[in-house]
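Engineer: Quick note, the sequences are listed as chains A and B, same order.
The first sequence begins at 1 in my numbering and counts up one residue at a time.
The second sequence begins at 1 in my numbering and counts up one residue at a time.
Treat the hints with care, since some could be wrong.
[Stated by the list, open to error] Residues from chain A shown here face chain B by an in silico Cβ test under 8 Å; the list is partial:
#1 Phe-48
#2 Asp-68
#3 Ser-104
#4 Leu-106
#5 Lys-107
#6 Gly-108
#7 Val-109
#8 Phe-134
#9 Asn-148
#10 Tyr-158
#11 Ser-161
#12 Gly-167
#13 Asp-174
#14 Leu-179
Since the hints were derived computationally from the structure, they do not count as laboratory data.
C-beta: ideal position from N, C-alpha, C; glycine also.
Chain by chain, the residues run as shown.
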Amino acid sequence: MRTVDRIDVMSRRNFIGRSAGTAALLAASPVISGKAHAAEALKTAPAFAMPALVRMARDLYPHDRLPDSIYEIAVAIIDEQLAGDADGKVTLGQGVGELDAAASALKGVPYLSIAEEQDRVEVLKSLEKAGSPFFGAMRSSMITALYNQEEIWANFGYEGSSAEKGGYLHRGFDDLDWLPA
Amino acid sequence: MAGKFDLDDDSVVVVIGSGAGGGTLANELAQKGVKVVCLEAGARYEIQDFVNNEWESFAQLAWRDPRTTSGSWRVAQDFPGLPAWIVKAVGGTTTHWAGASLRFQDHEWKARTHYGEIKDAALLDWPIDGAEMAPWYAKAEQKMGTTGTNGIPRLPGNNNFKVFHAGATRIGYTDVHTGNMSINSQPRDGRGSCQQLGFCFQGCKTGAKWSTLYTEIPKGEATGRLEVRPESHVLRIEHDASGKVTAVVYADRTGALQRQKARVVALAGNSIESPRMLLNSESSMFRHGLANNSGHVGRHYMRHTTGSVYGIFEKPVHMHRGTVMAGIARDEARLDTSRGFVGGYELETISLGLPFLGAFLDPGSWGRDFTAAVDAFDYMAGMWIVGEDMPRATNRITLNGEVKDQFGMPVANVHYDDHENDIAMRNHAYRQGQAVYEAVGARRTLLTPPYPSTHNLGTNRMSEKPEDGVVNRWGQSHEISNLFISDGSQFTTGAAENPTLTIVALAIRQADHLAGLMARNEV
Numbered sequence: 001m002r003t004v005d006r007i008d009v010m011s012r013r014n015f016i017g018r019s020a021g022t023a024a025l026l027a028a029s030p031v032i033s034g035k036a037h038a039a040e041a042l043k044t045a046p047a048f049a050m051p052a053l054v055r056m057a058r059d060l061y062p063h064d065r066l067p068d069s070i071y072e073i074a075v076a077i078i079d080e081q082l083a084g085d086a087d088g089k090v091t092l093g094q095g096v097g098e099l100d101a102a103a104s105a106l107k108g109v110p111y112l113s114i115a116e117e118q119d120r121v122e123v124l125k126s127l128e129k130a131g132s133p134f135f136g137a138m139r140s141s142m143i144t145a146l147y148n149q150e151e152i153w154a155n156f157g158y159e160g161s162s163a164e165k166g167g168y169l170h171r172g173f174d175d176l177d178w179l180p181a
Numbered sequence: 001m002a003g004k005f006d007l008d009d010d011s012v013v014v015v016i017g018s019g020a021g022g023g024t025l026a027n028e029l030a031q032k033g034v035k036v037v038c039l040e041a042g043a044r045y046e047i048q049d050f051v052n053n054e055w056e057s058f059a060q061l062a063w064r065d066p067r068t069t070s071g072s073w074r075v076a077q078d079f080p081g082l083p084a085w086i087v088k089a090v091g092g093t094t095t096h097w098a099g100a101s102l103r104f105q106d107h108e109w110k111a112r113t114h115y116g117e118i119k120d121a122a123l124l125d126w127p128i129d130g131a132e133m134a135p136w137y138a139k140a141e142q143k144m145g146t147t148g149t150n151g152i153p154r155l156p157g158n159n160n161f162k163v164f165h166a167g168a169t170r171i172g173y174t175d176v177h178t179g180n181m182s183i184n185s186q187p188r189d190g191r192g193s194c195q196q197l198g199f200c201f202q203g204c205k206t207g208a209k210w211s212t213l214y215t216e217i218p219k220g221e222a223t224g225r226l227e228v229r230p231e232s233h234v235l236r237i238e239h240d241a242s243g244k245v246t247a248v249v250y251a252d253r254t255g256a257l258q259r260q261k262a263r264v265v266a267l268a269g270n271s272i273e274s275p276r277m278l279l280n281s282e283s284s285m286f287r288h289g290l291a292n293n294s295g296h297v298g299r300h301y302m303r304h305t306t307g308s309v310y311g312i313f314e315k316p317v318h319m320h321r322g323t324v325m326a327g328i329a330r331d332e333a334r335l336d337t338s339r340g341f342v343g344g345y346e347l348e349t350i351s352l353g354l355p356f357l358g359a360f361l362d363p364g365s366w367g368r369d370f371t372a373a374v375d376a377f378d379y380m381a382g383m384w385i386v387g388e389d390m391p392r393a394t395n396r397i398t399l400n401g402e403v404k405d406q407f408g409m410p411v412a413n414v415h416y417d418d419h420e421n422d423i424a425m426r427n428h429a430y431r432q433g434q435a436v437y438e439a440v441g442a443r444r445t446l447l448t449p450p451y452p453s454t455h456n457l458g459t460n461r462m463s464e465k466p467e468d469g470v471v472n473r474w475g476q477s478h479e480i481s482n483l484f485i486s487d488g489s490q491f492t493t494g495a496a497e498n499p500t501l502t503i504v505a506l507a508i509r510q511a512d513h514l515a516g517l518m519a520r521n522e523v
C-alpha cells in the first residue's frame, strides 16, 4: 500500500496563504509558524497564562505525537477569536483564573502544578459540569483551532487538497490489499 | 446568450432557487419556449472557485443565514444554529451532494397503505405512484448520467468501499455495489470522468458529478430564455385580490428591494426556506401564510433517520481517497416489520477529512477516548444510514418572531423530535453497521449521531385532498393555481432513498405539465 508522502506535505509549511482559508471561518489572522506565534503576546490574557492554557488545550484534545507548538498556535487562534468577539464575555485571562481556582479547590494547587493528567481532567470536568462559558468556548473552538491546522494533517495520514494532483485515481484510491480473502 | 427580463414583465415564470428542483425546472421550461427568471439567494461560484478544503468550502457554499432549532433531536443541542447543511449558491445543494441517485421503491409511494396507521405519525399516500413516475425517472437518469442505468458503467470501488463490501457480503447482504451515482465513470455530456478527488462535498472540481450549476443552468441560458439572477434573496411573494400570485419581492446584492412580476411562481428554496417564504407572505386573504389555509405549510418536516458508523482497523484504509459516497448495501431498504419498525434504510459509505471528523465524529466529546479515535483517522472506514423517518405534524418549520435576519424577516425555526419508529430503525442500522465492520476485523466501532440535515423534505407536501397537504399531484398549490412547489418540500413521505433523483424527475414532469397549462392559458 502506498503510504502518505510526509515529505511532500511538510514542504508546504512555508505556504502561509494556504492557511488563509481558515480565516474565513475563524475570522482570525492567518496561522503562522509555531515559534513566532508563541513569542507574541496574547490579546485576552497576560503572557504568563500561556503555559496553563496550552496544558488545558492538550488535556482537552491530547495527541501525544503533536508538539506543544501546535497547541500554542491553537490557543493563539482562540485568543484571536475571543478578542474579536463583540460580546467580550469570555477572555482567556479570566478563564485561566477560573481554571486555577477550580484546580485549587479540587487538588489544592494551580492547574499547571497538577502532575497527573487524570487529575487535571477531573478539574476540567468540574468546569464543564458547572457550565463554564470559558470551558465551552475553549472546548468547541479547539475543534477548528487544532484540527484545521494543515501542518498536522500528515501526522494523521490526511493528505489534504487533491485536485491539483489529479485526484487519487492514480494515487492509491483503491490500493487496499489486506482484506481477508 | 442568457435572457434578460424586465422587472415588469409579467409573462415570465419566476423560479425561486437554482438547485435540483429549481435549476432543472428552469432549464426544462426554457427548452420548451417559456421565459424564466431564476432568482438564487446565493452567489455564482464556478468550478474554478471550488476549494478542496472542508472548512473553507463550507464558508463559501453553505447556507449560514440564521435559523433556530427546537425539539429533542440532538442537532438542536449540538448545532443549535445549524439545523441543515445545504447550499447557498447557484446550483443549490447539487454543488454539495454526493451523487446518489436512487428511485423510490414502488411501495414507498403508498406508505400509509403499506405501513398502516402509525401512532403520532401523519403517514399519507402520495397522489402518484411508481408506474406514473417510471418514465420521468428514466428521463432524469438519462439527464444526470446515472451509473448503473443507460449503459453507463458503475464507478470503481475505493478503499472505503472495499472494506464495506467485504463486511457486507460476509454478513449475508447480497445487494451491494458501488451505487447508482450521477458521477461520470466515462466522459459524457461534455464533462470529464471521475478522478476520485475525494472532495465531492466541496463542489466537484472535475465536473464529473452532475450539478445544475454546469449542466441545466448553462443549457437553459443558451436558449436565450433563462435569466439567472444570483444574490437575489426572496423575502415574500405577492398576490392579487383574486388570490393569484403576481410578483416576487427580493433583495438584490446591494440590499435594495426589487419586485419581479410573474405569470407563475415556482418555489424551490429547499424545505426550510420554501415554507418560510410562504409563511412570511401572509396576508388578509391568507392569514396563516400564502397558500396555507390548510395549515400544512411547514409541517411534516423530514430529514431521514441518518447517523453514521465508523470502523477502526489494524491497517490503514485511507477512506478520504476517492468518492465520498463510494458504495451501497440495499438489503435493509425493504419493508419488513419483523425487524421492529416500518420503512427501510440504505447503508452508504461516507468519508470525512480530518477537520470535519473532529467536528462531527462525536459532537461535544473531548479527552483521550475521543482523541484515540481521531488518532486512528487513517485506519477508519465509514458508512452513513439513510432511512425513512416518519412525517409528524409537530415536526415543522415555523417563523421565529424573536429572531430576524439581515432583511428584518423572521427566521425559520426547525422543530424535530424522533418518532419511536425512527429510533428503532436507527438502532437496528447501527447494529448492522457494526456487524459489517466487525466481520472484517474492526477493533473498535464508533456510532455517530445525525449530522445537520443534508436531506430536508416534506414541508409543503403533496396530497390528493386539499385538506391533507399543500400541493396536488403536479406540485401545484391546492389554493393558488399559478403557484408551484418544485423542491423536496413536495415529498409526502421520505422513502429510504436519497431524494435528488426524485426531485429532478418531478421537476421534468412538472415542467411538461406547466408548459401545457400555459399553452392552454389555464395559468
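Engineer: Now tell me, hint by hint, if it's right for this structure.
Structural biologist: Hints versus structure:
{"no.": "1", "hint": "Phe-48", "verdict": "violated (25 Å)"}
{"no.": "2", "hint": "Asp-68", "verdict": "violated (16 Å)"}
{"no.": "3", "hint": "Ser-104", "verdict": "violated (22 Å)"}
{"no.": "4", "hint": "Leu-106", "verdict": "violated (17 Å)"}
{"no.": "5", "hint": "Lys-107", "verdict": "violated (18 Å)"}
{"no.": "6", "hint": "Gly-108", "verdict": "violated (23 Å)"}
{"no.": "7", "hint": "Val-109", "verdict": "violated (21 Å)"}
{"no.": "8", "hint": "Phe-134", "verdict": "violated (14 Å)"}
{"no.": "9", "hint": "Asn-148", "verdict": "holds (5 Å)"}
{"no.": "10", "hint": "Tyr-158", "verdict": "holds (4 Å)"}
{"no.": "11", "hint": "Ser-161", "verdict": "holds (4 Å)"}
{"no.": "12", "hint": "Gly-167", "verdict": "holds (3 Å)"}
{"no.": "13", "hint": "Asp-174", "verdict": "holds (5 Å)"}
{"no.": "14", "hint": "Leu-179", "verdict": "holds (5 Å)"}
Against the hints set out earlier in the document, violations occur for numbers 1, 2, 3, 4, 5, 6, 7, 8.
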